[in-house]
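Asks: Next come the chains, spelled out residue by residue.
Protein chains: 2
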Amino acid sequence: MTDAAAPPRPEARNPRGFADRRGPDLIAERRLVARVSEVYERWGFEPLETGAFEYADALGKFLPDADRPNEGVFALQDDPDAEGHGQWMALRYDLTAPLARFAAQNWETLPKPFRRYAFGPVWRNEKPGPGRFREFVQCDADTVGSDRPEADAEIIAMACEGLRAAGLGADQAVVRVSSRKLFDGLFEAGGVTDPVQKLTALRAIDKFDRLGWEGVSALLGEGRLDESGDYTKGANLPIGVAATLEAFLASAGDAGLTRAGTLDAVARASGLGAIGEAALEELSAIDRALTAMKVGEGTVRFDPTIVRGLEYYTGAVFEAELLMDTTDDKGRAVRFGSIGGGGRYDDLVARFTGERLPATGFSFGVSRLVAALRAAGRGGEAAMRGPVVVIVFGEADMQHYLDAVSELRNAGVAAELYLGRAGMKAQMKYADRRGAPAAIMLGGDEIAAGKVTIKDLDAGRALAAGVTDNDAWKAERPGQQTVDRGAMVATVGAIVEAARQGS
Amino acid sequence: MTDAAAPPRPEARNPRGFADRRGPDLIAERRLVARVSEVYERWGFEPLETGAFEYADALGKFLPDADRPNEGVFALQDDPDAEGHGQWMALRYDLTAPLARFAAQNWETLPKPFRRYAFGPVWRNEKPGPGRFREFVQCDADTVGSDRPEADAEIIAMACEGLRAAGLGADQAVVRVSSRKLFDGLFEAGGVTDPVQKLTALRAIDKFDRLGWEGVSALLGEGRLDESGDYTKGANLPIGVAATLEAFLASAGDAGLTRAGTLDAVARASGLGAIGEAALEELSAIDRALTAMKVGEGTVRFDPTIVRGLEYYTGAVFEAELLMDTTDDKGRAVRFGSIGGGGRYDDLVARFTGERLPATGFSFGVSRLVAALRAAGRGGEAAMRGPVVVIVFGEADMQHYLDAVSELRNAGVAAELYLGRAGMKAQMKYADRRGAPAAIMLGGDEIAAGKVTIKDLDAGRALAAGVTDNDAWKAERPGQQTVDRGAMVATVGAIVEAARQGS
Chain A
1 MTDAAAPPRP
11 EARNPRGFAD
21 RRGPDLIAER
31 RLVARVSEVY
41 ERWGFEPLET
51 GAFEYADALG
61 KFLPDADRPN
71 EGVFALQDDP
81 DAEGHGQWMA
91 LRYDLTAPLA
101 RFAAQNWETL
111 PKPFRRYAFG
121 PVWRNEKPGP
131 GRFREFVQCD
141 ADTVGSDRPE
151 ADAEIIAMAC
161 EGLRAAGLGA
171 DQAVVRVSSR
181 KLFDGLFEAG
191 GVTDPVQKLT
201 ALRAIDKFDR
211 LGWEGVSALL
221 GEGRLDESGD
231 YTKGANLPIG
241 VAATLEAFLA
251 SAGDAGLTRA
261 GTLDAVARAS
271 GLGAIGEAAL
281 EELSAIDRAL
291 TAMKVGEGTV
301 RFDPTIVRGL
311 EYYTGAVFEA
321 ELLMDTTDDK
331 GRAVRFGSIG
341 GGGRYDDLVA
351 RFTGERLPAT
361 GFSFGVSRLV
371 AALRAAGRGG
381 EAAMRGPVVV
391 IVFGEADMQH
401 YLDAVSELRN
411 AGVAAELYLG
421 RAGMKAQMKY
431 ADRRGAPAAI
441 MLGGDEIAAG
451 KVTIKDLDAG
461 RALAAGVTDN
471 DAWKAERPGQ
481 QTVDRGAMVA
491 TVGAIVEAAR
501 QGS
Chain B
1 MTDAAAPPRP
11 EARNPRGFAD
21 RRGPDLIAER
31 RLVARVSEVY
41 ERWGFEPLET
51 GAFEYADALG
61 KFLPDADRPN
71 EGVFALQDDP
81 DAEGHGQWMA
91 LRYDLTAPLA
101 RFAAQNWETL
111 PKPFRRYAFG
121 PVWRNEKPGP
131 GRFREFVQCD
141 ADTVGSDRPE
151 ADAEIIAMAC
161 EGLRAAGLGA
171 DQAVVRVSSR
181 KLFDGLFEAG
191 GVTDPVQKLT
201 ALRAIDKFDR
211 LGWEGVSALL
221 GEGRLDESGD
231 YTKGANLPIG
241 VAATLEAFLA
251 SAGDAGLTRA
261 GTLDAVARAS
271 GLGAIGEAAL
281 EELSAIDRAL
291 TAMKVGEGTV
301 RFDPTIVRGL
311 EYYTGAVFEA
321 ELLMDTTDDK
331 GRAVRFGSIG
341 GGGRYDDLVA
351 RFTGERLPAT
361 GFSFGVSRLV
371 AALRAAGRGG
381 EAAMRGPVVV
391 IVFGEADMQH
401 YLDAVSELRN
411 AGVAAELYLG
421 RAGMKAQMKY
431 ADRRGAPAAI
441 MLGGDEIAAG
451 KVTIKDLDAG
461 RALAAGVTDN
471 DAWKAERPGQ
481 QTVDRGAMVA
491 TVGAIVEAAR
501 QGS
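Line by line, the protein sequences are chains A and B. According to my numbering, the first sequence is numbered sequentially starting from 1. According to my numbering, the second sequence is numbered sequentially starting from 1.
Worth flagging that the hints you see were computed from the coordinates, not collected in a lab. Do not rely on the hints blindly, as some may be mistaken.
Repeated chains share a single entry, so a pair holds when one copy, or any two copies, can fit it.
Mimicking SDA-like on lysine to any residue, the simulated pairs with C-alpha atoms at most 20 Å apart in a straight line are [as the list claims (entries may be wrong)]: (1) Lys429 x Ala464; (2) Lys112 x Arg22; (3) Lys429 x Gly190; (4) Lys127 x Met398; (5) Lys451 x Ser406; (6) Lys429 x Pro111; (7) Lys294 x Gly212; (8) Lys294 x Glu108; (9) Lys233 x Trp213; (10) Lys207 x Glu135; (11) Lys207 x Arg308; (12) Lys294 x Met398; (13) Lys425 x Thr109; (14) Lys451 x Arg485; (15) Lys233 x Arg16; (16) Lys294 x Val241; (17) Lys425 x Glu108; (18) Lys127 x Gln197; (19) Lys233 x Met428; (20) Lys425 x Asp226.
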């Protein structure tokens, strides 16, 4: 096809792992972010936007090495600056690291504690796959500078109200809460000091949902051979520590327990150590604050199996999960999985300042929450309607078409003039593809008679499909009608309103 | 300060040319984008978001070379994909190039013409300076697939309504319109074919604002020696061509001309050639459509000195300018400069498909428009108010504080509990720094008596500063009052409303 003499034509395609978003998906995401932002601002969190790039040393765990500067992040070396050295910078991979940098940089002048929320894209240089992107939008809220358990409780309660504002019913999501310190105390009291051993144990507990106690038990001990024949080396924990962990997991399984009841069950497990006991005290204070804020026992539960993958958490951890209306063959609610999470991280800002600054926050992925809403049957309202389309019959009557468009827009009705050069049939097809609720026809006859013909496209489709044979309905909402020109805005307004309610 | 044994601490700082945005500036930007988006959707433009990266070949003019892959853009080489080759990708430097790629990629399934708007950050790898960033937010609207002059007129009229919705008065901005084809015709008719000569001439005309006819004339001829002693080589245009250009510029200077009057003046200049005559026809059709849409002569003017820097424009070009209320010593309105622009670009999509696809659009920088609004005295309303702050006296009464916060939030009042551990004085300072309209005090006495003390912080400041000595005002809006607990929400609501109107 390509002429050898012509310059080569690039192929029009997205970089792998990057997607274009439009239509109902984009509308749904924007609506969700707007509703959650409204809640967060009402709770006293101010908006903050940081730049896409951070210096690589500020991102910390992804310091680029000379051979693979792109490991995990999109990094590049800046041009030499005034001091003559080009520094490595990387696109942010979350919104927490930039907040830590911002808080350290501006701590003197910020109101303390500092509450902020943020949303925006983050970038991960990972292998893309189906539904797995290298760019996605996160929405975070954090409080920096408060060590109070009430700060954790506030974040949790606000996250619940945010999920509700996004459209989830009270029985469709649960936030599970635990504390990293429970494990810290357990390990310390049990003499487990090897970081690798601790990490292996936490990763095993994180799989409780999927493997049950039997599988986790093997991973806490010597190791586990899975069904495919792969062997995973275990944590080799002392028997006493593993027994306490089993008691944790048992209490997590009892859905009838209140938050206080779960804490009681955990407290009865021996070997928590001083740090673990302090963690129970903090969780108890979180419970009191949640109860004071009238957050129900079914909305926020304590669950000592909650671990959270990120290493930087230092205290309370939370995970929001969607509870589907569907049940598995044992009659238990099936989990869609995590739709957000967070926790307390008291050391992130200290990386810059050397001084510990307590912080706690909650984060969710916007696209994933939209998918969760859809799974929960709450995504239907996001149907997108196009503008009313004014049909073009001929150049000479352009003034009449433009008048009609202006009148509709001035009445708050989205409207447009067809701007292609195709005939009547193609214009109707265009209006259909646009999702237009109505088309406006001002032919020469209509203009001469002071009339306008209005085609109700939803009704037209319903009539054509024989969806209704109710004569009264047809009379009330005909597919097409010719009315006085002066009645156009009112007639179209009624059709648009009916389309809005029907969609 | 740094302990030699401790790990090195990174400095908390933004990458150069990247800024954090918060507070009133961010609120103002978001409000502006929301208002403009509402207009664009009412005009039938659908939202589209593309990814941050494009493959470098899709960006076209910034193909990275091996030595300086970062020339102008932030580019990096992707990890090898399944085919084993890592491709160069770059962060988008505008929103037009991604649209051209998207349109070429999806043309089959898009409604035609395709109208979309978009806003989001763009990145330019340039030397940063004061007020000059390497990341900034643009907002664009484009129509792809219509060669009608009405499509240009629609974009221009919509841009005007967008500026109005953003807050600019009808007399505070003007959109100047011309056509690249006027120059194309002029050059063709005058036998000017050298691309460098053409570009030099266009750049000279672009300086008419600053240099006047004398300076431009020198640059169209042999060259110009400026006041600093620098010599700029001229375009060496034939005398006849330069004379026609002078007639153009003369017509531009006459502010009393209507759009049609300007076209008449340009038409009287000889040597436009066939292409120039066709351009006049198109501009005439744009004028008819603008007039049909009731766009005033003062809102959109024709101005043949408008050139626009970007090379890809092929027809109509537009530039929106702020008209300040101030005048210079000759009594003329002083220009703030361009606050947005656009035009027709019929060749961008053809880069991918080989087929010409007409397109036209308008773009503005969000921060720059916010700055323009401020310069025009229309930025004041964006003052940010913090939440009402509930003071913490002691742990035991936490329930009472949390109840107060919940009640206020449920009434739609932004409110928060103080979550630090400082005393009363520091808490009041915190509330002040937050921009809180009121502070709520529930001390032991108030709680026992079923009362609450409410401090109106604006009124308190005014009283303390002796701003008012009006006794009636003091009685009506005291700095501090103790009311029945049941009257808290209503009392605070009135204070917040007064603060909102006063700010």
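Asks: Would you mind marking each hint as holding or not holding in the structure?
Replies: Structure-based check of each hint:
1. Lys429 x Ala464: within (15 Å within a copy, 68 Å between copies)
2. Lys112 x Arg22: For lysine 112 and arginine 22, only the inter-copy Cα distance (16 Å) is at most 20 Å; the intra-copy one is 40 Å.
3. Lys429 x Gly190: neither (72 Å within a copy, 46 Å between copies)
4. Lys127 x Met398: neither (53 Å within a copy, 48 Å between copies)
5. Lys451 x Ser406: within (17 Å within a copy, 56 Å between copies)
6. Lys429 x Pro111: between (57 Å within a copy, 9 Å between copies)
7. Lys294 x Gly212: neither (32 Å within a copy, 71 Å between copies)
8. Lys294 x Glu108: Neither way: lysine 294 and glutamate 108 sit 35 Å apart in one copy and 54 Å across, limit 20 Å.
9. Lys233 x Trp213: Only inside one copy: lysine 233 and tryptophan 213 sit 17 Å apart there, 82 Å across copies, limit 20 Å.
10. Lys207 x Glu135: neither (27 Å within a copy, 41 Å between copies)
11. Lys207 x Arg308: within (11 Å within a copy, 60 Å between copies)
12. Lys294 x Met398: Between copies, since 13 Å is at most 20 Å while 61 Å is not.
13. Lys425 x Thr109: between (64 Å within a copy, 17 Å between copies)
14. Lys451 x Arg485: So lysine 451 and arginine 485 pass the 20 Å test inside one copy only (4 Å; across, 62 Å).
15. Lys233 x Arg16: neither (35 Å within a copy, 46 Å between copies)
16. Lys294 x Val241: Intra 35 Å, inter 79 Å, cutoff 20 Å: neither.
17. Lys425 x Glu108: Between. Shortest inter-copy distance 18 Å satisfies the 20 Å Cα cut-off; intra-copy 66 Å does not.
18. Lys127 x Gln197: Neither, since 28 Å and 49 Å both go past 20 Å.
19. Lys233 x Met428: neither (65 Å within a copy, 56 Å between copies)
20. Lys425 x Asp226: neither (62 Å within a copy, 61 Å between copies)
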